[in-house]
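Chemist: Throw the hints in and build the complete structure from the sequences for me.
Respectively, the protein sequence lines represent chains A and B. Following the working numbering, the numbering of the first sequence begins with 1 at its first residue and continues without gaps. Following the working numbering, the numbering of the second sequence begins with 1001 at its first residue and continues without gaps.
Source of the hints: derived by calculation from the structure; they are not laboratory data. Cβ atoms here follow ideal geometry from the backbone N, Cα and C, with glycine treated the same way. Treat the hints with caution; some may be incorrect.
[As the list claims (entries may be wrong)] 20 Å max Cα-Cα, derived SDA-like pairs, lysine to any residue:
#1 K31(A) with Q1021(B)
#2 K92(A) with H1012(B)
#3 K31(A) with I1042(B)
#4 K1014(B) with E32(A)
#5 K34(A) with D1031(B)
#6 K118(A) with E133(A)
#7 K34(A) with M1020(B)
[Said to hold, decoys possible] Here are some of the chain B residues that sit facing chain A, going by a computed Cβ distance under 10 Å:
#8 A1010
#9 H1012
#10 N1032
#11 P1035
Take a look at the letters that make up each chain.
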Amino acid sequence: MALPKLTEVPWYNIQVPSNQKEVKFRPFLVKEEKILLMALESEDPGQISNSVLNIIESCVKGDDLNHLLLTSTDIEYLFLKIRSKSVGEVIKLNLKCQKCESENEVSVNIDDIKIESKTLPKEIQLTDSIRIEVRQPSFHQLSQNKEMMNANTQTEQIFSLIKEVVTAVLTEEERISTRDVTKEEFQEFIDSMTQDQFAKIREYIESIPKMKHNVSFSCTNCASSNELALEGLQSFL
Amino acid sequence: MISLSHATLAIHYKTNFDLMQHHKYSLNEIDNLIPWEKEIYISMLIDLLEEQKRENERRI
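Modeler: Here it is, written out as structure tokens:
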């Protein structure tokens, strides 16, 4: 019986965007690509998220690395880097012309895709005496949030995102963890916010770093020039 | 799709079947390749088959 091979694939170093910690990653294999393809063809967002997270779990290792705590930006960035070493650095995207809507094949080099780095506040002041504690939600948390995955409007999506972002409400006397309040109580708290207070949370959510890449191309059908901003992993689908 | 636009599940199974049926690869060997390695082997096999086809045509 043959002994198993221990070093079948190369390992590369990379920094996790949210905490700048160095970890190692390897390319995914044909058998792992099959699982991704199955998830993609199911068109089920939950299954796609699970298979992306499983790939990250299998292909990324590091001291104290908890895959379940990685943010969406971390997952998107790590996944694209893994993809570049597994399939190739160039992604061919079919982008619609903004004028005539015909599809154009545009090549994007993964190494050109950057993540905006920002230091986010840990607290948001709502009134003179009330603050909320906020944190970037993890990819796992978001993928488990069925309300958000099935949200029909952007507002519905933001409401369910707020529940993941706010970890505690701080008054002058106490810290109330959102884990200790019921869903209804928390909803009531959000509903009682003024527009300005709500805008502060919305601003925080919108400032969470995203994977961003600008592409420009000339339409092969109508020759008009297009400039598009691709954001998040879904833009690269 | 998710940056895998070169592949679909149907193509995945078709190429695996061809590699096993006509070129004696095992499924385990194919499964443990990196996707770009599989692409390289496929393109080398295509080159080989085309070369063999040209050779056969020359003989006829």
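Chemist: Hint by hint, which ones does this structure get wrong, listed from lowest number up?
Modeler: The structure conflicts with no hint, since it agrees with every one listed earlier.
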